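A.B. asks: Residue numbers (this note's numbering): 1 to 119.
Because the hints were derived from the structure by calculation, they are not lab data. Just so you know, these numbers come straight off a predicted model, no measurement behind them. No residue lacks a Cβ here, since even glycine has one placed at the ideal position from N, Cα and C. It is possible that part of the hints are untrue.
[Stated by the list, open to error] With a cut-off of at most 27 angstroms between alpha-carbon atoms, the simulated DSS-like pairs for lysine-lysine come out as follows: (1) Lys-63 x Lys-13; (2) Lys-55 x Lys-86; (3) Lys-86 x Lys-13; (4) Lys-86 x Lys-59; (5) Lys-86 x Lys-51.
[What the hints assert, rightly or not] Simulated restraints, written as ranges between beta carbons of each label pair: (6) Asn-30 x Gln-73: 27 to 35 angstroms; (7) Lys-86 x Lys-53: 17 to 25 angstroms; (8) Asp-66 x Asp-90: 31 to 39 angstroms; (9) Asp-90 x Tyr-28: 16 to 24 angstroms; (10) Thr-31 x Gln-73: 15 to 23 angstroms; (11) Asp-88 x Pro-12: 18 to 26 angstroms; (12) Phe-89 x Met-21: 30 to 38 angstroms; (13) His-70 x Pro-12: 30 to 38 angstroms; (14) Thr-105 x Asp-17: 22 to 30 angstroms.
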Amino acid sequence: MHWALFVYFNYPKGRDDIIEMFLNQQTYLNTIQVMCPHLLRYLAVAVVTSKNKQKNSLKDLIKVIDIERHNYQDPVTDFLTCLYIKFDFDEAQEKLRQCEEVISTLKLERFVLFHCTVQ
């Protein structure tokens, strides 16, 4: 499922579409919370890196991460938790380093996916 989301990260308006679909439509958000909380990572990256800064998106995302942090944690969501919920900036720096590793892994997955489908 998560590989299908890479399409959204490869075109300019894609991140805004992910935010609109997953964060602003309750049925999708409920599905993520119940069935696939690992997709919060992609939603978080979309909100943070979106060029079109939607005013309430970050605030709404933080609420969802706060609710779901007992069910799902990874460096990306932990970074936002440390920064916006715990206000622990030292731990946030450590999580940011871990985020770099996660994002480089995602780039590698996207590279492999692209080359496997092209050939």
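A.B. asks: Take the hints in turn and mark each one as holding or not.
C.D. replies: Going down the list of hints, with the structure as the test:
1. Lys-63 x Lys-13: Holds, at roughly 24 angstroms.
2. Lys-55 x Lys-86: holds, 21 angstroms
3. Lys-86 x Lys-13: violated, 31 angstroms
4. Lys-86 x Lys-59: holds, 14 angstroms
5. Lys-86 x Lys-51: holds, 26 angstroms
6. Asn-30 x Gln-73: 27 to 35 angstroms: violated, 20 angstroms
7. Lys-86 x Lys-53: 17 to 25 angstroms: Given about 23 angstroms between the Cβ atoms, the range holds.
8. Asp-66 x Asp-90: 31 to 39 angstroms: Violated, at about 20 angstroms.
9. Asp-90 x Tyr-28: 16 to 24 angstroms: Violated, since Asp-90 and Tyr-28 (Cβ atoms, about 34 angstroms apart) do not stay within the stated range.
10. Thr-31 x Gln-73: 15 to 23 angstroms: holds, 19 angstroms
11. Asp-88 x Pro-12: 18 to 26 angstroms: Cβ of Asp-88 to Cβ of Pro-12: about 34 angstroms, so the range 18 to 26 angstroms is violated.
12. Phe-89 x Met-21: 30 to 38 angstroms: At roughly 32 angstroms between Cβ atoms, Met-21 and Phe-89 fall inside 30 to 38 angstroms, so the hint holds.
13. His-70 x Pro-12: 30 to 38 angstroms: At 35 angstroms between Cβs, range holds.
14. Thr-105 x Asp-17: 22 to 30 angstroms: holds, 23 angstroms
Going through the hint list in order, the structure does not satisfy hints 3, 6, 8, 9, 11.
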